[in-house]
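Read off the chains here:
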Amino acid sequence: MKKKKYSISSALIYLVLTVWALTTIYPILWVVQNSFKAKDKILSDSFSLPVGDLFTLANYRRAFGNLNIFGAYRNSIFISCMVALVVVVLAGMASFALVRYQFRLRGFLQSMVVAAMMFPVFATIIPVFRMEAGWGIANTDSWGLTMLSVILPQIAGNLSFAIVVLTGFIRGLPLELEEAAYMEGCNAFQIFFKVVVPLTKPSFATVAIFSFLWSYNDLFTQMFFLRTKDMWAITRLLNELTSMEGTNYGLMAAAVTLVVVPVVIVYIFLQKYIIKGMTAGAVKG
Amino acid sequence: MGANIYKNKKPLTVFLLPAFLFIIVYLYYPFFMNVINSFRKIKTLGQMQAQWNDPWYTNYVELFHDPVVGISLRNTLIMMVVTIIGQVGIALILALLVDNIKTGAKFFRTVYFFPIVISATALGLLFNLIFLYDKGMLNQFLESMGKTSLTDWKSEGIALFTMMLPVMWQYVGFYFVILITGLNNISEELYESAAIDGATRFQRVKYISIPLLHNVICTCVVLAVTGALKVFDLPWTMFPNGMPLKTTFLTGTYMYYQTMIAKDVDYGSTLAIMLVVLGVVTSRIVNRIFKEKDY
Chain E
1 MKKKKYSISS ALIYLVLTVW ALTTIYPILW VVQNSFKAKD KILSDSFSLP
51 VGDLFTLANY RRAFGNLNIF GAYRNSIFIS CMVALVVVVL AGMASFALVR
101 YQFRLRGFLQ SMVVAAMMFP VFATIIPVFR MEAGWGIANT DSWGLTMLSV
151 ILPQIAGNLS FAIVVLTGFI RGLPLELEEA AYMEGCNAFQ IFFKVVVPLT
201 KPSFATVAIF SFLWSYNDLF TQMFFLRTKD MWAITRLLNE LTSMEGTNYG
251 LMAAAVTLVV VPVVIVYIFL QKYIIKGMTA GAVKG
Chain Z
1 MGANIYKNKK PLTVFLLPAF LFIIVYLYYP FFMNVINSFR KIKTLGQMQA
51 QWNDPWYTNY VELFHDPVVG ISLRNTLIMM VVTIIGQVGI ALILALLVDN
101 IKTGAKFFRT VYFFPIVISA TALGLLFNLI FLYDKGMLNQ FLESMGKTSL
151 TDWKSEGIAL FTMMLPVMWQ YVGFYFVILI TGLNNISEEL YESAAIDGAT
201 RFQRVKYISI PLLHNVICTC VVLAVTGALK VFDLPWTMFP NGMPLKTTFL
251 TGTYMYYQTM IAKDVDYGST LAIMLVVLGV VTSRIVNRIF KEKDY
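Protein sequences, first through last, are from chains E and Z. Each residue of the first sequence is one higher than the one before, counting from 1 in our numbering. Each residue of the second sequence is one higher than the one before, counting from 1 in our numbering.
Hint data in this document are derived by calculation from the structure and do not stem from the laboratory. A virtual CB, placed ideally from N, CA and C, is assigned to each residue, including glycine. Hints may be right or wrong, so weigh each one.
Said to hold, decoys possible - Within a straight-line C-alpha distance of at most 35 Å, the following computed DSBU-like cross-link-like pairs (lysine-lysine) qualify:
1) E:201 / Z:246
2) Z:106 / E:201
3) Z:135 / E:39
4) E:276 / Z:246
5) Z:246 / E:41
6) E:272 / Z:230
7) Z:7 / E:194
8) E:41 / Z:135
9) Z:147 / E:229
10) E:201 / E:276
11) E:201 / Z:43
12) Z:135 / Z:43
13) E:194 / Z:9
14) Z:154 / E:41
15) E:229 / Z:10
To be verified - Covered stretches of chain E (chain Z as the covering partner; in silico rule of three or more C-beta atoms under 8 Å from a C-beta of chain Z):
16) 60-68
17) 72-79
18) 179-193
Stated by the list, open to error - Examples of chain Z residues toward chain E, derived with CB under 8 Å:
19) 5
20) 52
21) 55
22) 56
23) 211
24) 259
25) 277
26) 281
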């Protein structure tokens, strides 16, 4: 009798959990299936699968014809890879120094990092823009400089969070290995790159993935710095799409699919690192 | 012995300088410049010289006269309540439920977390399609359920709801993962001895899980409140320029609107300062209410 009651409540639990799971999965499936339908079919018959007469590739033909999707992907991936790479290297070095060295300014620098995490991007973006315009890297026609003008503030935006996460990991390393390397005649840089980095590779990967995703999805900075069409990154392109083709719902579904699907694939393979990375510091909202 | 390796302080500069140069040049300097900017007269973004406002506190007076500031503040406060009750609340229920099942916990974790990795802009477009008046997913669904009239999800009365629902939905998984990690840290023995004493499942949740999660929940609430202040992408994609009739502005989107659309850069800076003050004050208040406890 008791056994029976338990299975009923378990079934209820699974029911509730599944309902919420459906709310996260179904909207994505819905937009993917509608990206293969004509506009009028999306508005009248959006729940059926795109098979037979419903199926069309017109939206994708249009998306690739009218929008520079590959260009936007290239820009996005370039920006985000650079951000992730620089953040990991700089934050790694700084965290290593903050953990292993004893020096006068250490406490001060540590609280400086934590405080920097509180500054919302809204409060720094305007002076950053003016500063970069003064240096001649923002608001120019050059592709390289424009990319740089987005990459630099995004690096700064991720650094403090990355330092907080990485100091935690490096502090957990046993000192013996570094001592052994020191005995073998390694200097501090060799110790860092040959001992510390290989040992903390998973946490470095976590921070890199986190920075990459944050940069890939960050619309606000892109809105300020990416001014012309051929420099738009993928989120910026999507945002403009609404104003350009606001009523072309098929095209919008196709564009959303094109942006979301690569991320979903990456997520499925790397979800362990991603979940860990995005909740590790748990400070950045 | 270990300290010997790191006695030589010369490499220190090389390790620290690049990172801290970035932090100072791109975070601290702009932040203080922003305070100064809020007292100046600036009409274009890239402009270098500017005069002082007359009187210098003009923008701060304007904050109190601008009705949209009131609207955006009210909306942001509603957003905070929604994130606390909606995000942390739902996440807590889901986490407690997942904690009670044997198989599939990992699957649910993956699925629940997944909206967070998707760009909020893409989600904004997706929800535009879902809430479309004539006729998106929701109106089609309601029609098939027998509803005869279409609902305009973006009209004045209901716009706030339409804007906040996706924001809430997206981040439930984030708090879910934090809470489930906290639940996994509670030792199994506590539950076992409670079960021996005859505690029901519900009692175990009420008297063991919730009290031991107190500090984790507190962290989540602080994160939710400060996160609510930073929301930008989703509202801006779904309701650009605070449509309809500037009723859906949040402090962040209004700041962007003043700076980039209305071209009032110095007023935008002032709004940014207001945002920072609001963030500091609210997280203080939350910290006071949910004081950390030791068990």
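> Among all the numbered hints in the text so far, which are the ones the structure does not match?
Replying inline: 1, 4, 9, 11, 12, 15, 16, 17, 20, 21, 22, 23, 25, 26
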